[in-house]
Amino acid sequence: MNESVRTAPTEVTRPKYVGEKVQRLEDPRLLTGAGRYVADIKLERMVHLAFVRSDQSHARILGIDADDARAMTGVIAVLTAEDFTNIADLTAPSRMKNYHATHCPILARDVVRYVGEPVAVVVARDRYLAEDAAALIVVDYEGIEAASDPVAALKPEAVQLHDNVPGNLVFERSFATGDAPGEIDAAPHSVRGTFRLRRKSPLAIENRAYVAEYDRGRDALTLHGSTQIPGVVRDELARLLDMPGNRIRVTAPDVGGGFGGKGSLYPEEVIVTALARRLERPVKYVSDRLEDLTSTSQGFDEVVEATLAFDDEGRFLALQADIIGDIGAYSIIPWTAALEPVQVASFLPGPYRTPAYLGRVRGVCTPKPPTGPYRGVGRPMAVFAMERLVDMAAAKLGLDPAESRRRNLVRPQDFPFRIGSGIRWDHSGFMECLEKAVEVVDLDGFRDRQAKAREQGRWLGIGIGTYAELTGIGSRIAVAPGMPINTGAETASVRIDATGAVTATFATASHGQSLETTLAQIVAEELGVRPGDVTVVQGDTAVTAHGTGTYASRSAVIGGGAAIVTTRVLVKKVKRVAARLFDVDPDSIQTGDGDIFVPGTNHRIGFGELARAVYSDMTTLPMEARETLEAQESYDPFLGTTTAATHIAEVEIDPETLAIRLTRFLVAEDCGRMINPMVVDGQVHGGVVQGIGVALMEELHFDEAGQLLSASLADYLIPTSAEVPMLEVHHLETELPDNPGGFRGMGEGGTIGAPAAIANAVADAIAHLGIGINNLPITPSKLHALIAETQKTE
Amino acid sequence: MKPAPFEYLRPRTLHEAIAALAHDDAKILAGGQSLVPMMNFRLVSPERLVDINGLSDLATISETGGSLRIGALVRHAQAARDPLLARHLPVVAETMAHVAHVAIRNRGTIGGSLVHADPSAEWPLLVRLLDGVLELLGPDGQRAVAPEDFFIAPLVTDLAEDEVLTGVLLPVPDPDMGMAFDEVSLRAGDFAMVACGANVMLDDGRIASARLAFGGLGDVPLRMEAVEAALVGQTPDAIAGIVADCAEGLDPNEDMHASVAYRRRLAPVLARRVLERAAGRAGGRT
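Protein chains in written order, with my numbering: chain E, 1 to 794; chain H, 1 to 286.
In isolation and in its complexed conformation, chain H is listed as follows (with noise of 0.2 angstroms):
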């Protein structure tokens, strides 16, 4: 468990890094949660390392133009903490205590999970969730791509061998909206069987707007666009009744822990729970 030879580049600003990613087989060292572990069973095996872990310009989080911007370089516990997230996105909060164990948390970035692209991952989900933009920047200089789009397949992503994902942008939404995530794995810190976040806009006792999204279900997180439309015009009251078919047609992976029909079984579960969850934090701050 040992990794092959490479060669390691710590670049100090971005543009070196840019530049050292022009090479036939050169990868990003951020936290190494991921990376790493691949690298000593040697499943990857890339002749160049690029640190980016100097580029303290990608390690932070501030407010810009109605939206939050959360550097690649952000760790989950300093998400989880973060002041301006726990204001406008506390469910970002919530959401990172279900990323694995605090020593994971310390190290691993959001610009890691996100480019990894685990469908099981929490980052994805909460970034389709949240109708975030993920900012890359390569040769050409800066490009702004949605979720749906970024997210391909299962560890594949939009992103280019030359290019770096710098941050997310998730806009700050209206502080009536109740948000929630919630998610089921074997043991505390495990990967997610089915993960689900969701938030919802009430309207006199009403769901006015309601959002609902699973990783786990699939290749890519994935957004219940059709239950979100049923949603709308009910009272919470219906959320278990309009939730409970929602894993039809969908077709989950299956692995040694959890089976295509145990995945299913999950999801109307999650939904009803976390929507239900987002419609009582609705209407006012919680």
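Okay, chain E solo, but in the shape it has when bound (with noise of 0.2 angstroms):
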């Protein structure tokens, strides 16, 4: 093998994977029914659970009768807060002063927060008879009174919902740069407005669902859930449960959609893996619609008070707000409460220059399903309250909306830019997103048509959504402020086996992202196979050490740097054997698509060679060449990296029915080096889609005391595609960021800039009426009694 012949040099190209649009690895296996998600794990002795869920807001509990439910066949056990004393309240620390951690038992004890929380579990032979038990079980509550609205709550005469949380305020921070308070006193023009998003769910198609299965004679649990962070969980439980990490699993199997809303640790997982060691059985639940509705994580849900300065040229001198984020009952594991509000104050400025900033931010329990993550986190709200200040600012000085982002976005010069609430963007097309989605809506020819369609009685708006946000973010940095846990870092293990195959394995947790294409793209790419040839194991504890998942826009940035440096290291080694065989430089040898090889020679053999050569031939290679094939790396960007993105929609109401028609939706975004150009696509596509639900029609509505009103899918209203236009993504990049893969997360910006896009179009449409959008979603109903309350004070 290692004899040389010399052949014509012929031309080498090494093909490219990253950047091209390869079919999904995992759709087959998906599209034809094969996939395998929670539901589907069937294990021998398998029992069911099914929760007593409460049906107060706030409530003592006197009491609990479940003697009929026990007595039922097929039941085989009841349990509530009692059975599990050995068990720690769920708690999420943090490090931030002021905070209040509240404490979540994992079944009520003595008192439930909100309608929906768990307070006894039954198991028996099948989710039918779980239910039909649950059923029978009568919970005797004394209502206690609790404000449910988040302003209510902070009043000094409201009901405490937690001993230790003194006037309902969970955490108050704030963020300051310069004097903004003066600067808008002192300022030419100001506009100011109260903002609100409304709470809505994550609502993955796939509800939450677990299955625990225990090895008696190991003493080691193993967790299959429906989770976007096993790590996460696996960590939480060895902890509650106190057990060794190495004999609890956790792994995320296929998984329908998360949305954040499966990005947190729940009392479910907790019961369902503590039972299965109890009772010695696997224990399966999964959660129906209901439950999804009222007990997963809920998003957004606040209410920003703000004010922006400006001079005459409409140049922003100053902006101030005052946030108030309904955190529901309790703080979110292992995020804390400050997640979602605190985002909102740090991301508020957005991509503009503002020179001073005040941002003032408190967290509210209320009795209410908590708030978690969820797709865009803090950043739809922030960027809706700052996009209607811009043009409501422009408004005023009668500037076009797109020339007011162009005086005053962050302009390619002046990056990196620190931002008044401390965040520093990246170099990132902020200019340039803003002029490609303006020149390629026609901005003039849109005022041309919208002018005649108004002659005929037709109203038609447009609006503009820019933003910037902060993805991939390493460990300098906290997804959440204070959080008790890293989230900056990925492992990534690369291997070929003894027959050649490669496997890559990460942390992460694909749970809709294409993780298993664009993963494998990276690996192929860099180590010279097939995508097709990359296996991709992620979601399952027991192959890393450490990792959190997949949220945050971070898999790609981090992942995929794990994977590139991870893979450079196997490559090397990969090159060093070979060079061994082929009696060569090793610097002089070459990979790809499946081959090794020394261009220009004969010298070629495919990984399935070099493996035997490595693992199996004993002849071949002297015993110190014969390197294990396996490489493991971890990545950590320390800071994160910008992802920018100019979102233009354009609505057209009907004014007799108010009926609010999207006709056209445009993004404009800078991901950077895009790894799937399909990929991007689909997250672009996903991420809008829910910023239009949004803006235009998710909603859970509560009543006064805190019952959820909009239960189930005939009242919690999601976008179909008939509500959906044609979406136009146009990719731009500009300066690649300094990371191994130049890439930038993008998982979750659709969410962030359509809302704001759709509010400001809505106004725009309406704008002669003298009405502003400040309430999300806007409903046609909620649009007419917008406009009867101007005429009435007219």
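Since the hints were made in silico from the structure, they are not lab data. Given the structure is predicted, the values throughout are model-derived calculations rather than measurements. There may be inaccurate statements among the hints.
Unchecked claim - One side of the interface only, derived from the structure: several residues of chain E facing chain H at Cβ under 7 angstroms:
(1) R127
(2) Y128
(3) E131
(4) E656
(5) T657
(6) L709
(7) L717
(8) T720
(9) A722
(10) S781
(11) H784
C-beta: ideal position from N, C-alpha, C; glycine also.
Starting from the two chains in their separate frames, assemble the complex, guided by the hints.
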């Protein structure tokens, strides 16, 4: 094999996979029904759970009568809080000053604090029986007053939800640069508004589901969970159940969406796992849609009162905001209650050069389901409020909204730029995205059409949403301030096994992000194989020491970065071994398309032959040259990288029915180097559709007593294909970020920009009525009320 | 979201079905598009389900003595593409496009929609608009009920617990009658916030007779007889003025998606649009 024969030089073009529209590797499995979700798991002697959930928002539990349920044939056990005294309450500690961590028992103890909180659990032979038994359980409640509105909950007379949270104020924090109040007083102009995004549900198509199995011989537990964060769940379970991590394995098999709702630890996960060990039987719990709408973490829910001051030319001088975040009954684990509201305050200044900023944020607990991460986290609210203020400021000066943004966006020469909250933007195409979007949409042409339509009594509107977000956040920055865990690093292992097959292992947990394809593309390109040759293993704590999962637009940047640095180490090993086989200099060796070769020679072997030489064939290589074909490296970007975009929405409102129809939606975004343009498009499309929901229909309605009124998909309305126009996506690559792949995260942006763009478009369509859109979602019925109110005051 | 235990019977004849209903707590299962979700939520927990899907005689549409008989087991999708209905009552197909989504239209039945009696549903409104007659069969034989007597309140009808709705008779209208239907819902396929149907006969450019009916504006489908009377003798140009105040005096329900005031706003808009469309279609086939 080491005999060299020179052949005629041939042009070697190594296939590039990063940036290519590679077909998704998970699709054949998922599209032919061969996917395996938690609900598909069926095990011998498996038992099923049904929870009795509180129908009161705030009440004392006087008694629980479960005698009839326990007596039912097929019922194995009924358990309440007193059966779990050995398991600590769930708490999310924070290093933030003045933070009051709530204590959440895994089953309500003495007091319930939201409708949907688990109070008792039935274990039965099947879910039907479990629900029959649950229906027989009588919980005796004594109602307690409570303020379900966050502003009311802050009032001195409000009833306190937790003994250890004075005044229901879980935390308070301020960001200040310069003297914003003074600047606002001195400024020639300012605009002011109170903005509100209503609570929404992440609403993954697959409800949360868990199966736990117990291996009595090894005293080991496995939890199969529909989760985005198997690593976090494993670490928390190890602590709560007081077991070493190597005897608790958490897997996330195929997962049907998360959007943040599967990004936290839930009481049900702890209960399922603990019961599997206690009963020494597999335990299954698949939540239903009603439970999903009442007990999966919810998103947004802030009131933002903000003022923007500017000079005669429309240049921003100062921004001040008072933000109240309704965190619900308990702070979410591990992110803490600060996650969502604090991000509103820290991202409010957005992509603009506003010299002075004062942002004050308070997190308030109310008797409603906990809020948690939801696609966009904080930014949809921040961008909605800021972009409305930008349009209001433009209107006040008679400026074109695009021109107002042009005058204030961070310019290419300003990067890196630190905004008033302290966030640092690295170079990203802020201005370029705006200019591209404005050019494609033909703003002047639209204004002509709008004027003509107005003459015919038709209301057209156009709206811009420009934003920047921080993605792929490294260990220097906490995803949530003061939270106790590190999410800034990823470790990859890439291994060529004895058959020559390539397996790449990550601690990510793809639940729709196409990571099996995109991470395979990266490994394949670096290693010189085809993407289909690479099996990506993820979502299994048994194969990684540490890792948190997939959320916060991190997996492409951090996981992809880890894939690159790891594969580069492995390629060096491959070349060293092949160099011994070919008897050439390692630097002369190339890999590509599944082959290892020396260009211009007949030295060419496949990865299978290389693996045989290393692992199986004891004669070809001396022992010291048989390097294990495996590498493991970590990557931590330390800081994060900035993704920017401009969204433009066009709407037409029927002046009679006030029906709001989205007629066009356009995105110009800079996510750095694309790994797979189809996947980028898919992520943008999905994000925008959720943003359309935020803007036009999705709302969890609660009555004053904290009862959820929109408790089914007949009342909690999400966009369908009929409500979504064709989505145009334009990709810009300005300056690549300083990370191994040049990638920027882009999983959340669609949801961040769309609500603001649509709100501005609706406001533009009804500008002649003198009405602003400061509450989302905006619906025809609400629009009618706004118009009626304006006409009344006129 | 699992139903409570129930007994399941699948009769082969109407006679067997009536016999099976002789029980304290029995419900008929047809398309299951309302009943099954309600059972899964345990909002209803019937002890016995009588599945009539085997009674294929009820799944037909036929012409009989100047009327069309639509069997209770006819699916919305079947009605939407039926040639007899297309010839005589094209408004049915126009209306069916608004009934939920394809999957629901393929399963859901006309009988189910009528006996469920949701105030926003399309079939109760259509039967009221088109002067239909509901045919009920019970242990004591058959009876025919007019829609104004059948629909009593939201989800409440005149159907006795031991009766089956077998079908509905819709008179074949004058071929020159113009008919139209429209509704406003938040999303395509949602229950209507307000639904409206109208038919108009013209004589020499003037309205000879008109029908106007609303769904979603009251507890049951409403016929707007005063508006109908005011339209007679007028030209279609006068429609807008005549319907302008048609929501006054109505007391629609409010829900989280549509306020009373918003529903009142929609009523004259839909009435005008639907009446004008019907008038435009009157006087000949369209």
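Hint check results:
no., hint, result
1, R127, "holds (6 angstroms)"
2, Y128, "holds (5 angstroms)"
3, E131, "holds (5 angstroms)"
4, E656, "holds (4 angstroms)"
5, T657, "holds (5 angstroms)"
6, L709, "holds (6 angstroms)"
7, L717, "holds (6 angstroms)"
8, T720, "holds (6 angstroms)"
9, A722, "holds (4 angstroms)"
10, S781, "holds (4 angstroms)"
11, H784, "holds (4 angstroms)"
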